[in-house]
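Residue numbers (my numbering), protein chains in the order written: chain A, 232 to 576; chain B, 232 to 576.
Hint data in this document are derived by calculation from the structure and do not stem from the laboratory.
Some hints could be false.
Identical copies go unnamed one by one, so any copy, or any two together, can satisfy a pair.
Pairs of lysine-lysine, DSBU-like flavour, derived with a Cα cap of 35 Å [as the list claims (entries may be wrong)]:
| no. | residue 1 | residue 2 |
| --- | --- | --- |
| 1 | Lys254 | Lys302 |
| 2 | Lys559 | Lys393 |
| 3 | Lys254 | Lys353 |
| 4 | Lys393 | Lys369 |
| 5 | Lys443 | Lys369 |
| 6 | Lys279 | Lys418 |
| 7 | Lys354 | Lys254 |
| 8 | Lys302 | Lys369 |
| 9 | Lys552 | Lys418 |
| 10 | Lys369 | Lys418 |
| 11 | Lys353 | Lys534 |
| 12 | Lys356 | Lys559 |
Protein chains: 2
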Amino acid sequence: MTSQNLTNISEIGEFNLINRLTKNVHIQHSETLKGIGDDAAVVNYGNKKQVITTDLLVEGIHFNLSYTPLKHLGYKAVAVNLSDVYAMNAIPLHITVSIAVSSRFTVEALDELYDGIKAACKKYKVDLIGGDTTSSIKGLVISITAIGIVPESGYVLRSGAKENNLICLSGNVGAAYMGLQLLEREKAIFEQNPEAQPQLHGYDYILQRQLKPEPRADLIEFLYSNNIVPTAMIDVSDGLSSEILHICQNSNTGCEIYEDRIPIAEETASMAYELNMEPLLAALNGGEDYELLFTINIADYEKIKDSKLFSIIGNITSAEKGTYIVDKNDNVIPLNSTGYQAFNN
Amino acid sequence: MTSQNLTNISEIGEFNLINRLTKNVHIQHSETLKGIGDDAAVVNYGNKKQVITTDLLVEGIHFNLSYTPLKHLGYKAVAVNLSDVYAMNAIPLHITVSIAVSSRFTVEALDELYDGIKAACKKYKVDLIGGDTTSSIKGLVISITAIGIVPESGYVLRSGAKENNLICLSGNVGAAYMGLQLLEREKAIFEQNPEAQPQLHGYDYILQRQLKPEPRADLIEFLYSNNIVPTAMIDVSDGLSSEILHICQNSNTGCEIYEDRIPIAEETASMAYELNMEPLLAALNGGEDYELLFTINIADYEKIKDSKLFSIIGNITSAEKGTYIVDKNDNVIPLNSTGYQAFNN
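The following block holds chain A by itself, in its conformation from the complex (with noise of 0.2 Å):
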């Protein structure tokens, strides 16, 4: 497509491509105390600090409006967004949100998705106060920021991560995958024989998981009120195995990480094991859990050990070691990121 001298985007990825747009940006205020590189930005407006993060959304790359109510939509892409502001151990207050619409979605459609973002902020307690609202050639776009205050104990960035901290993760992982498996299968049948009826029934849990995922701001509480700072935080957005390897880049350190204790639910594996998936590899490599991935110093270990919010699933290494996981066989196996990145498309 491209001339010799021309770079396609899909040559290069999407990280690549973010790192490279924005290599040269200067911060110019001493306002701006984390600019680009986190789950969030954090700025510094008189004697309260704040997180600001953004997410763009497009029909057909982000949702399938075939097999995605409107109104499950519209929850979701309020809540992806304040899952970005839990990560930062902050808590979101603002969202502005823009759309653009074809000519093809009625008011009501619109209505139905306006229904599921005030749910959210209605839930998240967070106060919807902009956005814009346009036409488009085709299909939707949602753009969301989302902007939250910072306690008194601070922000929590990917690269604070130390040797020896506990690893450890909220709720399970490869549940919206196998929700998302589940949903594709279904409309390829459905595309098959329009007759058919989809078998959707026992697997209301993966089905949630997928279309109206739920932020984690009851772990936040949590750590909050057991006096408890992460020393590095990411959500899982993009799949368990990529995001702990953005807390080990970023940190400077490795990692080790038990199979046996990475979370996965019953009907996660059950819908792998039908469909020929290894329950693991949804585990690591499924994305959108929008569950959060922290780390911990050992001497909280008695303040939370009990908690059945989370899961410890491994420790923080020195960055010589390297980044491993140990299997049931006591395989020590390297873990790769092979986790989604939207320009693979």
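Starting from the structure of chain A, add chain B where the hints point.
Only chain B this time, still in chain A's reference frame:
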């Protein structure tokens, strides 16, 4: 296209759609000083007030890449957001930039776009602190959120105009619209005859106003240094007549505008005559000028009368008197909004 019970977006228009979608939005936080309904939202984090504004720009709706250089587009995308911050009487400090691009764009094309974004950030001393980069099915989408700081003298809404206030307008209007008409004319000629060379000579000013508008930071600095706080302010993005009506409706006032006071650049008028258009109509209804329209107390007249940055174009009256323009022959003509509305396309 829609059944009896469903409503096409085009049937209700952009402003009604926004009102409908946001009608049940409840503000839950005392930190939210102004939500939806002005150039930007105003929030109060700690001891500093901030304004937040966002725009979504879609290829084929808001820009045409056949005559818009990507570097200019990047610059303009930032500029239009900063204009909204200035329109609140605030100073922009931070932006986030998200883009969705199809595979037809090369990395080098995106370098151009970001060169323009960074140039605007440098000129207006704004830090680029985050964003999202993803693929699209078709075309380019740019979403920018700008955050600014409110000075001690306070922020300015659309709703504060009072009877007998002077109505002021920075710079001149209609130029960006005539620049667009010129570009569209040359595009049409080129499409009929690809050998034709574009005839853009002598029209630098109106082209610059369309392709690379500058937000009026200089006016805000003038107001600050002269201790003038406008009673109401808005930026001219959808056309002067539409913005005047926004101020009058939000402030519950009328207005009297003098046709011969409306500033129109010579190049704007000569392009209009060349295309057999009335310059006044371009000035009143053409969009994208990004000038500032504001109202001030008559007591501030002495401080401003020698400034070349803006013109006094009329005065605020009581709501009962209505909204009028007085033409050169002293005819009084009702002022109607026929400004740009995205869904009229």
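Consistency of the hints with the structure:
Proximity of Lys254 to Lys302 under the C-alpha cut-off of 35 Å is restricted to the inter-copy arrangement: shortest distance 17 Å between copies versus 38 Å within a copy. Proximity of Lys559 to Lys393 under the C-alpha cut-off of 35 Å is restricted to the intra-copy arrangement: shortest distance 26 Å within a copy versus 75 Å between copies. Proximity of Lys254 and Lys353 under a CA criterion of 35 Å is satisfied inter-copy only: 14 Å between copies versus 38 Å inside one chain copy. Neither within a single protomer nor between protomers do Lys393 and Lys369 lie at most 35 Å apart by alpha-carbon distance, with minima of 47 Å and 44 Å respectively.
In the homo-oligomer, the alpha carbons of Lys443 and Lys369 lie at most 35 Å apart both inside one protomer (25 Å) and across protomers (27 Å), since each shortest distance falls under that limit. With identical chains, the CA atoms of Lys279 and Lys418 are never at most 35 Å apart, being 48 Å at best within one copy and 51 Å at best between copies. Proximity of Lys354 to Lys254 under the C-alpha cut-off of 35 Å is restricted to the inter-copy arrangement: shortest distance 18 Å between copies versus 38 Å within a copy. Within a single copy, Lys302 and Lys369 get their C-alpha atoms as close as 20 Å, and across copies as close as 25 Å, so both meet the 35 Å cut-off.
When the C-alpha separation of Lys552 and Lys418 is checked against a cutoff of 35 Å, the pair qualifies neither within a copy, at 45 Å, nor between copies, at 61 Å. In this homomeric assembly, Lys369 and Lys418 come within 35 Å of each other (Cα to Cα) both inside a single copy, at 22 Å, and across copies, at 23 Å. Taking the shortest alpha-carbon separations for Lys353 and Lys534, only the intra-copy value of 31 Å comes in at or below 35 Å, while the best inter-copy value is 47 Å. For the identical chains of this complex, Lys356 and Lys559 are neighbours neither inside a copy (42 Å) nor across copies (55 Å), given an alpha-carbon limit of 35 Å.
Hints 4, 6, 9, 12 from the list above are not met by this structure, while the remaining hints are.
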